[in-house]
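Undergrad: Take the sequences, apply the hints, and build the full model.
The chain contents come next:
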Amino acid sequence: AQSVTQLGSHVSVSEGALVLLRCNYSSSVPPYLFWYVQYPNQGLQLLLKYTSAATLVKGINGFEAEFKKSETSFHLTKPSAHMSDAAEYFCAVRNSGNTPLVFGKGTRLSVIA
Amino acid sequence: GAVVSQHPSWVICKSGTSVKIECRSLDFQATTMFWYRQFPKQSLMLMATSNEGSKATYEQGVEKDKFLINHASLTLSTLTVTSAHPEDSSFYICSASGDRVSYEQYFGPGTRLTVT
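In order, the protein sequence lines correspond to chains B and Z. Counting from 1, one number per residue, gives the positions in the first sequence under this note's numbering. Counting from 1001, one number per residue, gives the positions in the second sequence under this note's numbering.
No lab work stands behind these hints: they were computed from the structure. Watch out, some of these pointers could steer you wrong.
A partial selection of chain Z residues facing chain B, derived with a Cβ cut-off under 8 Å [to be verified]: (1) Thr1032; (2) Phe1034; (3) Ser1043; (4) Leu1044; (5) Leu1046; (6) Thr1049; (7) Ile1093; (8) Ser1097; (9) Tyr1103; (10) Gln1105; (11) Phe1107; (12) Gly1108; (13) Pro1109; (14) Gly1110.
So the derived label-pair ranges between C-beta atoms look like this [to be verified]: (15) Ser26/B to Gly1016/Z: 40 to 46 Å; (16) Ser14/B to Lys1014/Z: 45 to 51 Å; (17) Asn41/B to Glu1059/Z: 22 to 28 Å; (18) Gly8/B to Arg1112/Z: 24 to 30 Å; (19) Arg1112/Z to Ser70/B: 37 to 43 Å; (20) Asn41/B to Met1045/Z: 14 to 20 Å; (21) Lys1055/Z to Ser52/B: 30 to 36 Å; (22) Ala1/B to Lys1041/Z: 22 to 28 Å; (23) His82/B to Ser1073/Z: 40 to 46 Å.
Think of the CB as a built atom: it goes at the ideal place given N, C-alpha and C, for glycine as much as any other residue.
TA: Here you go:
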């Protein structure tokens, strides 16, 4: 069975500082991995996805993530946080086919001016 | 492309009534649709998976007689919350995958249900 663990339910960074949101996955087959962002009272927005191509994936809004099979990790980073990055971030895993996405518990990112 | 819509975006209903939420894939054929619910400050929990023309598969702990899911066409799935109670108040989000690349799931904007 697939699962995702997001370390840290809440991360707080200063504006301009590095953002690092951690995600570890468990999957019996090579996974597809995703990061989503959710702003208050809104749906999910896809930030980036790993689909077994390049291990370093670049997404929208300056975010990127690196797939590390040996560490079963897919951490999300952004070099310089912006106030508008404050939101809830979800890591998710999916096998191929029509299996559903399995989400982590989410990490709330706060950005301090 | 790959747009999924939900209607209504928010709904308030009285306890004991039923509410139907629609999920539509606007520009692709959704062979599989998923329904999630999200409580405040929590993650998305999968409720059920439905394939077009087949009965939905419900996750453990989800009452299939209370949350009726119909996936009658390749572009429409509906979730009906029957005899709603205040504890059913939640954010319901659908997603769809289909004739595009198989690993993608496209999400609707969600429906906020409040039961008074």
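Undergrad: Now look at each hint and say whether the structure bears it out.
TA: A quick look at each hint next to the structure:
{"no.": "1", "hint": "Thr1032", "in the structure": "holds, 4 Å"}
{"no.": "2", "hint": "Phe1034", "in the structure": "holds, 5 Å"}
{"no.": "3", "hint": "Ser1043", "in the structure": "holds, 5 Å"}
{"no.": "4", "hint": "Leu1044", "in the structure": "holds, 5 Å"}
{"no.": "5", "hint": "Leu1046", "in the structure": "holds, 5 Å"}
{"no.": "6", "hint": "Thr1049", "in the structure": "holds, 6 Å"}
{"no.": "7", "hint": "Ile1093", "in the structure": "holds, 6 Å"}
{"no.": "8", "hint": "Ser1097", "in the structure": "holds, 6 Å"}
{"no.": "9", "hint": "Tyr1103", "in the structure": "holds, 4 Å"}
{"no.": "10", "hint": "Gln1105", "in the structure": "holds, 5 Å"}
{"no.": "11", "hint": "Phe1107", "in the structure": "holds, 5 Å"}
{"no.": "12", "hint": "Gly1108", "in the structure": "holds, 6 Å"}
{"no.": "13", "hint": "Pro1109", "in the structure": "holds, 4 Å"}
{"no.": "14", "hint": "Gly1110", "in the structure": "holds, 4 Å"}
{"no.": "15", "hint": "Ser26/B to Gly1016/Z: 40 to 46 Å", "in the structure": "holds, 42 Å"}
{"no.": "16", "hint": "Ser14/B to Lys1014/Z: 45 to 51 Å", "in the structure": "holds, 47 Å"}
{"no.": "17", "hint": "Asn41/B to Glu1059/Z: 22 to 28 Å", "in the structure": "holds, 25 Å"}
{"no.": "18", "hint": "Gly8/B to Arg1112/Z: 24 to 30 Å", "in the structure": "holds, 27 Å"}
{"no.": "19", "hint": "Arg1112/Z to Ser70/B: 37 to 43 Å", "in the structure": "holds, 42 Å"}
{"no.": "20", "hint": "Asn41/B to Met1045/Z: 14 to 20 Å", "in the structure": "holds, 18 Å"}
{"no.": "21", "hint": "Lys1055/Z to Ser52/B: 30 to 36 Å", "in the structure": "holds, 32 Å"}
{"no.": "22", "hint": "Ala1/B to Lys1041/Z: 22 to 28 Å", "in the structure": "holds, 25 Å"}
{"no.": "23", "hint": "His82/B to Ser1073/Z: 40 to 46 Å", "in the structure": "holds, 42 Å"}
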